[in-house]
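Going down the list, the sequences are from chains A and B. Just so we're aligned, residue 1 is where the first sequence starts under our numbering, counting upward by one. Just so we're aligned, residue 1 is where the second sequence starts under our numbering, counting upward by one.
Don't take each hint at face value.
To be verified - The calculated label-pair distances, taken between Cβ atoms and stated as ranges, are:
hint: 1; chain 1: B; residue 1: 25; chain 2: A; residue 2: 73; range: 28 to 36 Å
hint: 2; chain 1: A; residue 1: 27; chain 2: B; residue 2: 40; range: 19 to 27 Å
hint: 3; chain 1: A; residue 1: 73; chain 2: B; residue 2: 3; range: 31 to 39 Å
hint: 4; chain 1: A; residue 1: 62; chain 2: B; residue 2: 109; range: 35 to 43 Å
hint: 5; chain 1: B; residue 1: 54; chain 2: A; residue 2: 115; range: 30 to 38 Å
hint: 6; chain 1: B; residue 1: 60; chain 2: A; residue 2: 79; range: 25 to 33 Å
hint: 7; chain 1: A; residue 1: 95; chain 2: B; residue 2: 52; range: 19 to 27 Å
hint: 8; chain 1: B; residue 1: 27; chain 2: A; residue 2: 18; range: 20 to 28 Å
hint: 9; chain 1: B; residue 1: 69; chain 2: A; residue 2: 115; range: 26 to 34 Å
hint: 10; chain 1: A; residue 1: 115; chain 2: B; residue 2: 68; range: 23 to 31 Å
hint: 11; chain 1: A; residue 1: 103; chain 2: B; residue 2: 27; range: 17 to 25 Å
hint: 12; chain 1: A; residue 1: 95; chain 2: B; residue 2: 3; range: 40 to 48 Å
hint: 13; chain 1: B; residue 1: 61; chain 2: A; residue 2: 54; range: 46 to 54 Å
hint: 14; chain 1: A; residue 1: 79; chain 2: B; residue 2: 109; range: 37 to 45 Å
Bear in mind the hints are in silico, worked out from the structure with no lab data behind them. Positions of the beta carbon are idealized from the N, C-alpha and C atoms, including for glycine.
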Amino acid sequence: KAGVTQTPRYLIKTRGQQVTLSCSPISGHRSVSWYQQTPGQGLQFLFEYFSETQRNKGNFPGRFSGRQFSNSRSEMNVSTLELGDSALYLCASSLEASGIGYEQYFGPGTRLTVT
Amino acid sequence: GEDVEQSLFLSVREGDSSVINCTYTDSSSTYLYWYKQEPGAGLQLLTYIFSNMDMKQDQRLTVLLNKKDKHLSLRIADTQTGDSAIYFCAERANNQGGKLIFGQGTELSVKP
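Isolated chain A, as found in the complex (with noise of 0.2 Å):
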């Protein structure tokens, strides 16, 4: 079974700008979990969708959004791009957002940088 893709996996942007960074989950998982890894901040929560519906929300500016597709693929965006916002950028996904043996998947992420 292929594992969690993310794509693209490195990015270069300008301040102001925005950008949509993808991640496709494992096959018949149907929540998508993003986190944001910075050397400052270590790994931080962004959000979580489950079934195209957001289920949990982290402490992150508007700016930061997301969707999730029918398919379970999801998109995360971010808009006006501030220099901070340079980062590793992690998809995880499991096979259901509850229940017993809940087990995250990540992905090998989508490094931004921000100039």
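Given the coordinates of chain A, work out where chain B should sit on it, guided by the hints.
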């Protein structure tokens, strides 16, 4: 509140056992996880333990949970140079869906 703490560095000799420690604060945590991250890569799920368990063993990995002290540890037996990586502890609270709270990560260095 939600907080997970780990020591930042650990250095061991090849063949020794490594013990990585973690403390958490959320008493409603149901699952506690260990992830491994190698340079330039995503997170690899190593193992997890349900909060009603004390111990879980999986090949070279042993997880111990002291729920009273909110202390979790990961023991790697016969540590190899390929085990050099950053190890993250994470908790999932009962009412938080898929949200994981991660520690800062422990950088494990294995010397030959």
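The hints, checked one at a time:
Here the CB-CB span from residue 25 of chain B to residue 73 of chain A is close to 35 Å, well matched to the stated 28 to 36 Å. One distance hint, 19 to 27 Å for the beta-carbon pair residue 27 of chain A and residue 40 of chain B, holds here, with the actual separation near 25 Å. Distance hint check: the CB atoms of residue 73 of chain A and residue 3 of chain B are about 33 Å apart, consistent with the given range 31 to 39 Å. In this structure the hint that residue 62 of chain A and residue 109 of chain B lie 35 to 43 Å apart at CB holds, the actual value being about 41 Å.
Roughly 50 Å separates the CB atoms of residue 54 of chain B and residue 115 of chain A, a value that falls outside the hinted 30 to 38 Å. Take residue 60 of chain B and residue 79 of chain A: their Cβ atoms lie about 45 Å apart, and the range 25 to 33 Å is violated. One distance hint, 19 to 27 Å for the beta-carbon pair residue 95 of chain A and residue 52 of chain B, holds here, with the actual separation near 21 Å. For residue 27 of chain B and residue 18 of chain A, the hinted distance range of 20 to 28 Å is not satisfied, since their beta carbons lie about 40 Å from each other.
Between residue 69 of chain B and residue 115 of chain A, the C-beta spacing of about 46 Å breaks the proposed range 26 to 34 Å. Under the hint 23 to 31 Å, the C-beta atoms of residue 115 of chain A and residue 68 of chain B, about 49 Å apart, miss the expected range. The hinted window of 17 to 25 Å between residue 103 of chain A and residue 27 of chain B holds, with their beta carbons roughly 22 Å apart. For residue 95 of chain A and residue 3 of chain B, the hinted distance range of 40 to 48 Å is not satisfied, since their beta carbons lie about 28 Å from each other.
Separated by about 34 Å at the C-beta atoms, residue 61 of chain B and residue 54 of chain A break the suggested range of 46 to 54 Å. For residue 79 of chain A and residue 109 of chain B, the hinted distance range of 37 to 45 Å is satisfied, since their beta carbons lie about 40 Å from each other.
Hint check: violations occur at hints 5, 6, 8, 9, 10, 12, 13; the rest are consistent with the structure.
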